[in-house]
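S.K.: Since the structure of chain A is provided, determine the placement of chain B on it from the hints.
As you go down the protein sequences, you meet chains A and B in turn. Throughout, my numbering is defined as the position within the first sequence, counted from one, plus 4. Throughout, my numbering is defined as the position within the second sequence, counted from one, plus 39.
I should point out that these hints are in silico values taken from the structure, not numbers from a laboratory. Even for Gly, the Cβ is constructed at its ideal location relative to N, Cα and C. Hints should not be assumed to be uniformly reliable.
As the list claims (entries may be wrong) - Below are the DSS-like pairs computed for lysine-lysine, each with C-alpha atoms no more than 30 Å apart in a straight line:
(1) B:K145 <-> A:K49
(2) A:K47 <-> B:K145
(3) B:K104 <-> A:K25
To be verified - Here are some of the chain B residues that sit facing chain A, going by a computed Cβ distance under 7 Å:
(4) E58
(5) Q78
(6) E80
(7) T84
(8) S87
(9) E88
(10) T91
(11) E146
(12) R147
(13) S148
(14) M150
(15) G151
(16) F154
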Amino acid sequence: MEQITDEFAIIDNFLCIRMPKEVDHHGAAGIREGADRLILDDKVKNVVFDFENTTFMDSSGIGVIIGRYRKISCFGGKVYAINVSDRIRRLLSSSGMSSIIEILS
Amino acid sequence: MNNKSNEIYFEFDAVSENESLARVVIAAFLTRLDPTVEQLEDVKTAVSEAVTNAIIHGYGEHGGKVAMRAVISQGGVLEVHVCDTGVGIADIKQAMQPMFTTGADKERSGMGFAFMEAFMDKVSVESKVGEGTKVHMWKVFDNYTQETQPILQAAVWNSDGRI
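Bound conformation, chain A alone:
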């Protein structure tokens, strides 16, 4: 395991992103830029979004997930969500994310 920053770690070929407390448009840019820099490193095949600390998310978070999915799915990568609260699970499923993100409990 390689801990890059507080937010990003690489475990095998998985990029783990610790999502912030509030995932909105303001916070989305930082996640996107940080993640894409590491995805380009091609050590990363799959992305795991860790929602353990997240208490709020709006549609900006959905945009971040779709964006990363587009970047890695063409190379056979997958996106996962972990530590998902009921609220976030509902946001993901109501916006049709279930088909592209696997929620691990």
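M.R.: This is chain B only, laid out in the frame that chain A set:
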């Protein structure tokens, strides 16, 4: 005093830092309706979507002013109005369709209006190209009753240690 409606007006710069501020303000205003955690999150999400739309689409992230007006009426109905004087929306019906976005390059999901409609009881949009956009949203708080109101206020005072 419990029979009166209550109104706030709050204007702020259209910068992304203020998205969380708008959520905090509406959440604080809402506490007097004794919302459930879910209702509180619903309103915060809807407000976040409307304010983010004003900042990104209304003003194209070049700044401006966003106005939020919120009213709690006697019957326990919350109204929130989020207004900008940005570019406006040419085709409101198209803009409100789930997955429609003009911000694909900025990774917008196109779910903003869908979330507002999902989490509020009613949403309506007024817009004029070149003049700006007004988003109006309503949510009914069934759990709110006039009788519980004085008890709640006493609880708030108690927690402050003032009674």
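S.K.: Any of the earlier hints contradicted here, and which numbers?
M.R.: Of the numbered hints given earlier, the structure breaks just one, which is hint 5.
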